[in-house]
Structure formats: C-alpha cells, structure tokens
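Undergrad: Listed below, chain by chain, are the residues.
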Amino acid sequence: MPVLINVTQKERETEPISEEMGVVDRANVVLETQRLSVFYGNFKAIHDVNLSFQKNKITALIGPSGCGKSTLLRALNRMNELVPSARAEGAVLYRGHNLYAPNVDPVEVRRRIGMVFQKPNPFPKSIYENIAFGLRINGWKGSKAEMDDIVERSLRRAALWDEVKDKLKQLGTSLSGGQQQRLCIARAIAVEPEVILMDEPCSALDPIATLKIEELMIELVKQYTIIIVTHNMQQAARVSDYTAMMMMRPDRSGEVIEFDTTETIFTKPKDKRTEDYVSGRFG
Amino acid sequence: MATSEIRRNFAPAEDMSFDAIQGSRRLKGMLLVAFSILALAVGVGMVLTLLIDVLVRGLPWLDWQFLTSFDSRFPERAGILAAMVGTALTIVITVIVSLPVGIMSAIYLEEYARDNWFTRLIEINIANLAAVPSIIYGLLGLAVFVRFFGLNRSILAGGLTLALLVLPIIIVVSREAIRSVPNGIRQAAYGIGATQWQTVWHQVLPVALPGILTGNILAASRAIGETAPLVTLGALTFIPFLPKDLLDRFTVLPIVIFNWSSKPQREFHDVAAAAIIVLLGILLLINLLAIVLRQRLRKQF
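Residue numbers (the numbering used here), protein chains in the order written: chain A, 57 to 339; chain B, 65 to 365.
Just chain A, same shape as in the assembly:
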C-alpha cells in the first residue's frame, strides 16, 4: 500500500492532477490550487492538492470524515487563517493571482470568494440587516431605495423573498433552519462574490429544505461558481458537475485521489477506493 502511494506522489510532482486527467477546460478555470498543503501546527491536514475549479460549474469535494475536505475548502478563501496555528504552503490561484501572495488582503479575498457554512449562522439581527451588513462593511454607499432593491434581489435569488417579504424586520434567527440557510446564501451573494464555497450546507437540514437548497444551487451556478463539501453521495451526484474524491494518507493528511466529471466518478471511477466509497462500501 505505501508503495502505491509513493508512485502516485511522484507522478504528481511533475504534473498537476487536473491537467493529467484532462477533464477541465483550461480557459474557464476560475480557481486553481497548486501543490496546496495546509498545516495546523505540526500536523499536515492536506497534502499537495492540485485542483482546478471551472467557472459556472459546481464542484463537489467528497470523501470520508477527517480527509481534509473542509480544510481544503477553507483554504480557498483563507478562512483557515482564523485558526491561529494554521499555515498553508503552495498556491491558490484566483484568475491568475496567488491568493497567498504577501500583498494579498484576506478580507478582500473573502468578499470575492464567499462562504456558506454547515450550520446556518444568520446574524442575530433583522433579515434586512443580515443582507445589508455585507454591503455596508464593504464600503457600499447608496440610497436607502437602492439598498432595499439589493436586499430584495438577493432574497429573490436565494428563493426566500416570497417567504420573508412581509417580515424583513424580524430576526434572521427566527426563521426555520432551511430558511436560515437560504438567508445565509442571500447574504453571501449580496456582496457579489464570484465563487461561493459551501461547507456541507445541508447537513443540518431536513430533506425538503435540502432539496430547496439543491435547486437553488443549480439556479445560482448560472451566475456563480460553486464548490461544495458534502457527505451526501446522492447530493454530490445530483447537483455537481465535477467531483474530487479525497482520502486520508497513512500520515493522516488528506489528498485528492481522483478528480473527474461527476458522471465518471459515479459510474466508472478509476480508483478502486473511489468506487468503494461512492457505492457506499465504506465511509
């Protein structure tokens, strides 16, 4: 087993995995990682990840617990830095700019690459303020009417407007779980990011709310690029265009073992471990 891993590792040092597979359209890559490794203190959480994310596509990150999916996702908009001991090596290229270059402000990165979290986390403020906050802190200056307009547009795009239009002054936290998560999505898209990262956005929701979020993702991807971490195989199969399969290496760091179109991953994966995982044999 270790021998096998050494071989794949060697191959990868010369060629990034995404190009090696030849599955993505190079001209339409928005976000790309190059030999990205993330450490928490001395512990290496992900190892040498080379992935490309296509514009206006949904890419799913799947794999068993602890394989570094969330860490990889959070490294893409530098959210990992909120953990004091976290450190990244390698590069994340966003339209050719390395997000880890010394002159890059992580605050600006996160405005362009938004995030939706596992547990719905609306601010304990009104529904209206939840949306407006992101604009205000980013220096948006405009009339009240324009703000009303953006709030409505964001809520409409998140398929929440009809449910909340009469109670915009109510607390965001008073909504149901599924509504809260759609509010969080509306909040994320209000600041017009290009990429939206979703960290298991449906794991705290019931099946009906989950379905709504999935429909919403398929709608949103026309304007945004979505990267989603999910434990739910069916979800990855239903919504995503590309899938990256991650596994834990013997040193407990996570790596991408296979990346391809979702169809290929779920119908004829190249790696035996991917096949076992997507068919529910482990994890």
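Hints were generated in silico from the structure; no laboratory data involved.
Ideal placement from N, C-alpha and C gives every residue a C-beta, glycine not left out.
Chain A stretches covered by chain B per the calculated footprint, using a threshold of three residues with CB under 8 Å from any CB of chain B:
no., stretch
1, 133 to 144
2, 155 to 166
3, 182 to 193
4, 242 to 252
Not the full set, but computed from the structure, chain B residues with beta-carbon under 7 Å of chain A:
no., residue
5, 248
6, 256
7, 258
8, 259
9, 262
10, 267
11, 271
Some chain B residues well away from chain A (every beta-carbon gap over 12 Å; in silico):
no., residue
12, 92
13, 109
14, 190
15, 197
16, 313
17, 326
Given the coordinates of chain A, assemble chain B onto it according to the supplied hints.
TA: Structure of chain B alone, referenced to chain A:
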C-alpha cells in the same frame, strides 16, 4: 466472566434483605440532606437576623429629613445627603473610566491577543488582581492619584481608585461574555469580507453586550459598597456641604455608616441602620436593573 464476578460481590438473591441495605443507604442520604438544610439555615438565618435588626432600628429614622440633610452632631438632625451625592458622583466616575477600559481590554485579550506566554502572564495577573484585598487599592490610589497626580483626597481620586478596583472583575466578566458569542457569527462576518474590527464591533459586541453590561453593573454595585479603599484614600467622614466640583473632598454612604456605628451614642447606631437600609435599597435596585437589562436584551435572540 465479568458478570459472574460482579454477581459474586452481591449477596445471593435468596438471602438478600431489602430493608437492611436500603435502610442504611437511605439514612446516609437523609443525613446529608439534613446537613445541607442546616447549613442553608445558618446562612439565611444570619442574613434575616441582620435585615430584621436593621429594619427595626433604622426604619423609624428613615424619613425625608434624613435623606435631605447633612450630617450633624445630633442624631435627630443627621442626614445622608452629602454621602448619597458623594456615592453617586464616585460611581459615575468609576463606571465612565472602568467600562471602556475594561471592555477594550477584554476585546483585546479575547479577539486579538495571540496565545503566548506574555498573554498568559497578563491573564494570570488579572485573575490575581481580582483577588487583591480592596485596602491595597486604597494605598495604590493614595500613592498614585492623591499624591503623584496631585488630585488630593477628591471625588475624582476616589472614583479612579474604585475604577482600578473593579477593572479586573469587569475584564473577566466581559471576556466571559465575548467568549460565549457563537463562533459561527464571527465566521459569517469574515465570510462576507468583514475586517476583524468590523466583525468585533458590529457582530460580536452587540451579542456580548447583555453579559458585559450585567457584569459591569454588578461590578459597580460592588464598588458602591466599598469602604476600605476610600478610608485609606482619606475620604472625609463628616461633611456639611455638597461638593463644588470633582476635585472637592467627599464622603460616601459606607463611610458614613462606619462613622456613625462607631460613635458612642446609641441613637447614632440606629441612624446608621437607617443609612444601611438606604445602601441596601440602592444595591437591590442596581441588581434588579442588571436582571431586567439582561432579560430585555436576551429577548433579541
């Protein structure tokens, strides 16, 4: 195998007497409960005795004249006007100074400070400062505010000294309140491009505010009851005038109580009881305010 071993330690079912075993065990439990009730009774009894004694002796003296008069050599003319004004002004200064300093310190320690030996040293020191006897703060105030800054034995010096005294408490409770803010809120703010300060100011602080304010009010109520540091500082015991400004000399309720109760005349002891009723009333009101405020602000969630 394990089960059979456990079984061996019990008496066999046929010769087990339910009453004996249950009886002795229950007796132990009942003894403990009885002891707890006794302990509680001692505490509550003491407070009740004190309260009843104070009310019986003080209430007859508590009237409008008492609240609006200055101190006097004659118990029937003595009042607490100067002391109440002194207490009010001192506490206002204490709160104005300690609130922002305490909250900002707490924000720094919770949100900004890196976890290293220096931060830990500061934390340990703050925890220790909260336990330093209040009279030491009086000496500190005397040396720093009265002598070094030349504020004399003024309201300002007294308020600043009390501010130092309650600062560690305020920092500890404010940190506690800030720490209890769910991390999801911080992540949400960062996730849409908020800076650290925007996150703290617009999202974390408003959520932590009920806890911070409650802690601050309770700290202020502790400052109101403090006597030792102000005695050390040299606050007056007898003043027949109202302070002209914050650099004027002053007295506070606890000091007046202390003064009256150490007088030989019995009547003054009863007048002191009346002042104690006022002081307790103020403290009760403040604590009530803290509870109401917390309930009010908590409802926002």
